[in-house]
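Novice: Listed below, chain by chain, are the residues.
Number of protein chains: 2
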Amino acid sequence: MSRMSDLVRQPAEWLRASGPMSDVVVSSRLRLARNILGFPFLEKLKNGQKAQIVKAVEESLKKNEALKNLEIVRFDGLTEVDLQFLVERHLISREHAGQKEAGAVAMSPDEVVSIMVLEEDHLRLQAFQSGLDLQKAWQIINKIDNEFDGSMEYAFNPGLGYLTACPTNVGTGLRASCMLHLPGLVLTKQVHKVLQALAKLNLAARGLYGEGTQATGNLFQFSNQMTLGQREDEIIDNLERVIRQVVEHEKEARTHLLSKKSGKFEDQIWRALGALKCGRIISSTEATQHLSLVQLGVQAGMLKINLTQQDLNGLFLLIQPAHLQKLKAKALNSGERDEARADLIREKLKNVTL
Amino acid sequence: MSRMSDLVRQPAEWLRASGPMSDVVVSSRLRLARNILGFPFLEKLKNGQKAQIVKAVEESLKKNEALKNLEIVRFDGLTEVDLQFLVERHLISREHAGQKEAGAVAMSPDEVVSIMVLEEDHLRLQAFQSGLDLQKAWQIINKIDNEFDGSMEYAFNPGLGYLTACPTNVGTGLRASCMLHLPGLVLTKQVHKVLQALAKLNLAARGLYGEGTQATGNLFQFSNQMTLGQREDEIIDNLERVIRQVVEHEKEARTHLLSKKSGKFEDQIWRALGALKCGRIISSTEATQHLSLVQLGVQAGMLKINLTQQDLNGLFLLIQPAHLQKLKAKALNSGERDEARADLIREKLKNVTL
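Top line first, the protein sequences correspond to chains A and B.
Quick note on numbering that gives the first Met the number 0: the first sequence kicks off at 0 and runs consecutively.
Quick note on numbering that gives the first Met the number 0: the second sequence kicks off at 0 and runs consecutively.
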């Protein structure tokens, strides 16, 4: 996996805070679930068939000019840390990492596109964009999907749409999601109200690494729950409309926090920076929480420091367990990681004066 | 009270960390309880008699060359904040401040000597020294005592010694005490063992402001419990011997903490500095605790910062409630003090780089 060592030092393109509303919306993601005609769903696949599917994807990449820039990485050459590293970068899911030997992922150099092979479905095509930009993500993933469709036949039913391993994905196979940074709503204790309202709209709220993960660092992932009976553009428009409302609420909450000129708010933000500048042992959860507050402080103009949102997004990624181990080029236990994390953060913040 | 505004910007001479073992022993104090013949003890004193006693002390100061540098301050001209300010500087006790109208205190410009008039006894003569220096304090207070004895007659019984309002002070009327900074014993969780051992030796351990106060900032005040049947030099030697042992234990604990190269220890020290450099709202208790750890870090050579122990001792005093209000020259409520305290600390630490 030649490129992994290059990846480790920089965040993905879509974490560069360059997209629309990226002070609140970290990223947008579209994912298409696809299965290849003539093969059973994953659970029933024999090992030989799994190998055939990976091979078929490889062939598609090779022979298709538009897919040539995608590099395929087979899991059988990877360590546990490598797999965890790909999860941290959202190139693969936790469930996909569980495939170990059989799985593979194809990704573009800028990490905007990743294709998980043998996740819950045979193929899961993903496109990421910075900020709220589901339209752009749709253009990208739709093009990739069409290219594949030309080189292999998908399992498709004219009445139902794309057939998927889990019924909730049947139809378009599309999941649209946005990762939002909502420190304002969390600090003003309004976030639960917002989450409840979204649940009523059939939108799921999750932690950073998808289903079953907790929100840390005030980061929330919102996505559509169902795909059957909805067109792609409906799903996307729907989510985008709701996300715009959440962004409004978040901005109001931030304005409120600032307008109160609350010493408590300022105190929290500065102390977060102090802990990051000073700590010698720091857990991932604590660091993430502090980085969230520092980000808010920078965006609110309260902290005048020479760190961009891109730097902070990048740091957020670099302090994850597998990233730390890749950076140090050795296995680290939990205590060692907490020290390495603190060292890395202090190094990155060394020019930030208080 | 002309001098009080001068006092507020600097710590007392005995907080200057210039004395023996002042890396552990902040200060030594001797106090003599004295009553004037021909007057009942405080509880039975009529107002007119109280005024007579204050007057008598004033006269003694005036006519005695050796006492002339003592300035007398009558409580009737003071505000609540003024009184609290004197308590914070240990020039008077909390109980003494409760006398309000009637009380008075005479003090030397360097605050080494203070004479509480109408505390529990008619007179309480105190001498302070930096570090472990009870002998020097004894020379000073003994001289003051002799001077007074020449100008007014003490209540004295040849069999019992000096007569005092509380039986525990009868005899020499001497209380010897030392204020110790014991972060090492606290962090290594040995302090309770030490306190238990001292209790068996009839030595009292108290918080910073005497009886009934809690230890904050890892500061403990140790003193003899009884005076009857013991000579002054016995009391002093006794306390000094024990204090030397406690100092040994504390130093061993600090060495142990350092030798473990414990990241946790370093983490605590640096985070304390970070909270002081960054906090916008900080309580007295929190600030004191952090200052204690920073002091330990400086003494242990872990923190290379341009702050001396004297600076830190001074800061410890300046952040107390009445000091803050004197500095700001206005009354501050608790919330305002927490902000003013954080501001002051940041100002004092502004040249400390992390």
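Source of the hints: derived by calculation from the structure; they are not laboratory data.
Don't take every hint at face value.
Copies of the same chain look alike in the list, so a pair counts if it fits in one copy or across any two.
Stated by the list, open to error - Here are the simulated lysine-lysine pairs, DSS-like style, with alpha carbons at most 30 angstroms apart:
#1 LYS99 to LYS250
#2 LYS327 to LYS263
#3 LYS349 to LYS303
#4 LYS329 to LYS259
#5 LYS45 to LYS329
#6 LYS263 to LYS54
#7 LYS199 to LYS43
#8 LYS43 to LYS329
Novice: Which holds for LYS43 with LYS329 at a C-alpha limit of 30 angstroms: within a copy, between copies, both or neither?
Specialist: Answer is neither; intra-copy 37 angstroms and inter-copy 79 angstroms both fail.
Novice: For the identical chains here, do LYS45 and LYS329 meet the 30 angstroms Cα criterion within one copy, between copies, both, or neither?
Specialist: Neither way: LYS45 and LYS329 sit 35 angstroms apart in one copy and 81 angstroms across, limit 30 angstroms.
Novice: Treating 30 angstroms as the Cα threshold, decide for LYS349 and LYS303: within, between, both or neither.
Specialist: both (15 angstroms within a copy, 16 angstroms between copies)
Novice: State whether the alpha carbon distance between LYS329 and LYS259 is at most 30 angstroms within one copy, between copies, both, or neither.
Specialist: Intra 47 angstroms, inter 24 angstroms, cutoff 30 angstroms: inter-copy only.
Novice: Reference check for the pair LYS263 and LYS54, CA-CA at most 30 angstroms: within, between, both, or neither?
Specialist: Result: close neither inside a copy nor across copies, 58 angstroms intra and 50 angstroms inter.
Novice: Go through the copies and call it for LYS99 and LYS250: within, between, both or neither, with a Cα cutoff of 30 angstroms.
Specialist: For LYS99 and LYS250, the Cα distance exceeds 30 angstroms both inside one copy (42 angstroms) and across copies (54 angstroms).
Novice: Classify it for me, LYS199 with LYS43: is the Cα-Cα distance of at most 30 angstroms met within a copy, between copies, both or neither?
Specialist: neither (35 angstroms within a copy, 76 angstroms between copies)
Novice: Checking an output row: LYS327 and LYS263, CA cutoff 30 angstroms. Within, between, both or neither?
Specialist: Result: close only across copies, 21 angstroms inter versus 37 angstroms intra.
Hint compliance for this structure: hints 1, 5, 6, 7, 8 are broken, all remaining hints hold.
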